[in-house]
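Take a look at the letters that make up each chain.
Number of protein chains: 2
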Amino acid sequence: MFADRLIYRINDMNNPTVLGLDPQIEFVPDSIRRKNPSDALAISEFNRKLLFTLHDIVPAVKFQSAYYEMLGPEGAVVLKESIQFAKSLGMIVILDGKRNDIGSTARAYARAYLSPDGYDADALTVNAYLGTDGIQPFLELCEKYEKGIFILVKTSNPSSGEFQDLRLDSGERIYERMADMVKGWGTSLVGEYGYSSVGAVVGATYPDELKALRERMKKTPFLIPGYGAQGGGAADVMHGFDEKGNGSIVNSSRGLMCAWKNERYKNRFLQEDFCEAARHEAVEMRNALSAAIGR
Amino acid sequence: MFADRLIYRINDMNNPTVLGLDPQIEFVPDSIRRKNPSDALAISEFNRKLLFTLHDIVPAVKFQSAYYEMLGPEGAVVLKESIQFAKSLGMIVILDGKRNDIGSTARAYARAYLSPDGYDADALTVNAYLGTDGIQPFLELCEKYEKGIFILVKTSNPSSGEFQDLRLDSGERIYERMADMVKGWGTSLVGEYGYSSVGAVVGATYPDELKALRERMKKTPFLIPGYGAQGGGAADVMHGFDEKGNGSIVNSSRGLMCAWKNERYKNRFLQEDFCEAARHEAVEMRNALSAAIGR
Numbered sequence: 005m006f007a008d009r010l011i012y013r014i015n016d017m018n019n020p021t022v023l024g025l026d027p028q029i030e031f032v033p034d035s036i037r038r039k040n041p042s043d044a045l046a047i048s049e050f051n052r053k054l055l056f057t058l059h060d061i062v063p064a065v066k067f068q069s070a071y072y073e074m075l076g077p078e079g080a081v082v083l084k085e086s087i088q089f090a091k092s093l094g095m096i097v098i099l100d101g102k103r104n105d106i107g108s109t110a111r112a113y114a115r116a117y118l119s120p121d122g123y124d125a126d127a128l129t130v131n132a133y134l135g136t137d138g139i140q141p142f143l144e145l146c147e148k149y150e151k152g153i154f155i156l157v158k159t160s161n162p163s164s165g166e167f168q169d170l171r172l173d174s175g176e177r178i179y180e181r182m183a184d185m186v187k188g189w190g191t192s193l194v195g196e197y198g199y200s201s202v203g204a205v206v207g208a209t210y211p212d213e214l215k216a217l218r219e220r221m222k223k224t225p226f227l228i229p230g231y232g233a234q235g236g237g238a239a240d241v242m243h244g245f246d247e248k249g250n251g252s253i254v255n256s257s258r259g260l261m262c263a264w265k266n267e268r269y270k271n272r273f274l275q276e277d278f279c280e281a282a283r284h285e286a287v288e289m290r291n292a293l294s295a296a297i298g299r
Numbered sequence: 005m006f007a008d009r010l011i012y013r014i015n016d017m018n019n020p021t022v023l024g025l026d027p028q029i030e031f032v033p034d035s036i037r038r039k040n041p042s043d044a045l046a047i048s049e050f051n052r053k054l055l056f057t058l059h060d061i062v063p064a065v066k067f068q069s070a071y072y073e074m075l076g077p078e079g080a081v082v083l084k085e086s087i088q089f090a091k092s093l094g095m096i097v098i099l100d101g102k103r104n105d106i107g108s109t110a111r112a113y114a115r116a117y118l119s120p121d122g123y124d125a126d127a128l129t130v131n132a133y134l135g136t137d138g139i140q141p142f143l144e145l146c147e148k149y150e151k152g153i154f155i156l157v158k159t160s161n162p163s164s165g166e167f168q169d170l171r172l173d174s175g176e177r178i179y180e181r182m183a184d185m186v187k188g189w190g191t192s193l194v195g196e197y198g199y200s201s202v203g204a205v206v207g208a209t210y211p212d213e214l215k216a217l218r219e220r221m222k223k224t225p226f227l228i229p230g231y232g233a234q235g236g237g238a239a240d241v242m243h244g245f246d247e248k249g250n251g252s253i254v255n256s257s258r259g260l261m262c263a264w265k266n267e268r269y270k271n272r273f274l275q276e277d278f279c280e281a282a283r284h285e286a287v288e289m290r291n292a293l294s295a296a297i298g299r
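Protein sequences appear in the order of chains V and C. Quick note, the numbering used here runs 4 ahead of the 1-based positions in the first sequence. Quick note, the numbering used here runs 4 ahead of the 1-based positions in the second sequence.
These are computed hints drawn from the structure, not numbers from a lab. Since the structure is predicted, the reported quantities are computational estimates derived from the model, not experimental observations. Please note that the accuracy of each hint is not assured.
In this list, chains with the same sequence are indistinguishable; a pair is considered to hold if it fits within one copy or across any two.
[Said to hold, decoys possible] Okay, derived cross-link-like pairs now, DSBU-like style, lysine-lysine, Cα gap no bigger than 35 Å in a straight line:
hint : residue 1 : residue 2
1    : K148      : K84
2    : K148      : K39
3    : K148      : K265
4    : K222      : K84
5    : K222      : K270
6    : K223      : K39
7    : K53       : K84
8    : K39       : K222
9    : K39       : K215
10   : K39       : K84
11   : K270      : K148
12   : K222      : K265
13   : K270      : K223
14   : K248      : K91
15   : K265      : K187
16   : K187      : K53
17   : K187      : K91
Using the sequences plus the hints, can you model the full thing?
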């Protein structure tokens, strides 16, 4: 069961962080850019070095598909090899693709990303605007291959409320109804820790909603973006965890990838030391989260 | 302006059809499968032959991204070259990816698919669950490069109503509110024919909703899936057109790709004649649409 694998690994490392690899070429130090003949290859090396540096303290990685798609077909190669490399290091791999379509096409997406003959990530983010028949094919592969999905419920961006916070005639908001649908889809995939392999994306930037959703969907693991660069802190995300310290995984992308650019480290790390800077930042994030959660 | 280019080409051919290329290997005749060393290459040849056969009577093509992603990195190569081939034939290219994310990531998706240094499609389908800041980057590239987007409003699948038909406290349904948002995003991109480059996806399988949406959003072009294999017919989609016969483009995927498998043609076309079968079917579809619209 995906949920069990994820929680076991988080607990093993005592760290609910997910490394977000949303690489843009500007994030890659000159030393790596100089020696690679293309942006895609530079990003590939950048990814490998960060993954290798962090794999023993960070349990999971989230690849943001858009940044690989932006590199064209070469980006698809980098994505595939980065996923394989991360898995070979024992990391849990989440692909952030927010895919969505009608049943037959959702089946193609599920095969593309969750089946062993595809990109073979451990989990995929999904958008459920199309309802149950656009989700069902993902659930089938989750069951078959011990994979997971995280469905958008309350996103981290400034205008997320514009649509998601609209109130239904039943009195609840759109994202609350979505939360209930996600709960329903996940009931048959609950593992030994009491969490489902059908998770929800809930932004760190809306701590009140995060807290209420934790109450509303007790068996749904949360993937929490919005920590760090987007403004969320440890005090915000703590509401995503249960009393045992389980229930969420917190993503940091620019915070870790661009630690070497951080003003705080300016006199401490050189560009070439981007891995050490990232590791330093990852340890700080782990400690901040542990303190906030009370692990 | 994308909307003008699209309508001009539709009128030029007197055919509001879009060829859907959602190829699965089962759709490709044995003769092509035998001589290609991989599924991806077989699909590439299949696409090229269909595009070449239909480009003088069908104005546009829609690639369903999922089926290319399912082929791994090789699929990305096939997608890119198929897009280029279709454009070289003068066809309008829509990429059906239903992408969606926060602003910074939406910018990456926009660059990936709509910029000349990316896949360079003419238009992309988009899901607006995240609200304005997830749409804005697409609008910017639509303006800059004369591209378009089609945003999911009312999808063609059986369970689309489960979420999209929920009623808000204002009395309108979710898809109606989404329609109004789409209208708003499109106001600054209206072209000479009176239609915007910000379109909507509205399924042929819900003709009443299609009719009401045509009234509600008079400047929004519709991309209509669900014709043929999913059950929609010419009498259903006619509601998507205005009195001049403009305003919609109707997708047929399996109907055209798999015409050679159609029972009706069993004694008429061999497998190798899949192009002739597709052309026959495309002419029938054009005539059925023309008759229904009264062009």
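Now the hints, each set against the structure:
no.	hint	result
1	K148 / K84	both (21 Å within a copy, 32 Å between copies)
2	K148 / K39	between (42 Å within a copy, 33 Å between copies)
3	K148 / K265	between (42 Å within a copy, 31 Å between copies)
4	K222 / K84	within (33 Å within a copy, 44 Å between copies)
5	K222 / K270	neither (42 Å within a copy, 55 Å between copies)
6	K223 / K39	neither (47 Å within a copy, 51 Å between copies)
7	K53 / K84	both (16 Å within a copy, 30 Å between copies)
8	K39 / K222	neither (49 Å within a copy, 54 Å between copies)
9	K39 / K215	neither (47 Å within a copy, 58 Å between copies)
10	K39 / K84	both (22 Å within a copy, 27 Å between copies)
11	K270 / K148	neither (48 Å within a copy, 37 Å between copies)
12	K222 / K265	neither (38 Å within a copy, 49 Å between copies)
13	K270 / K223	neither (42 Å within a copy, 53 Å between copies)
14	K248 / K91	within (27 Å within a copy, 56 Å between copies)
15	K265 / K187	neither (40 Å within a copy, 41 Å between copies)
16	K187 / K53	neither (37 Å within a copy, 46 Å between copies)
17	K187 / K91	within (28 Å within a copy, 44 Å between copies)
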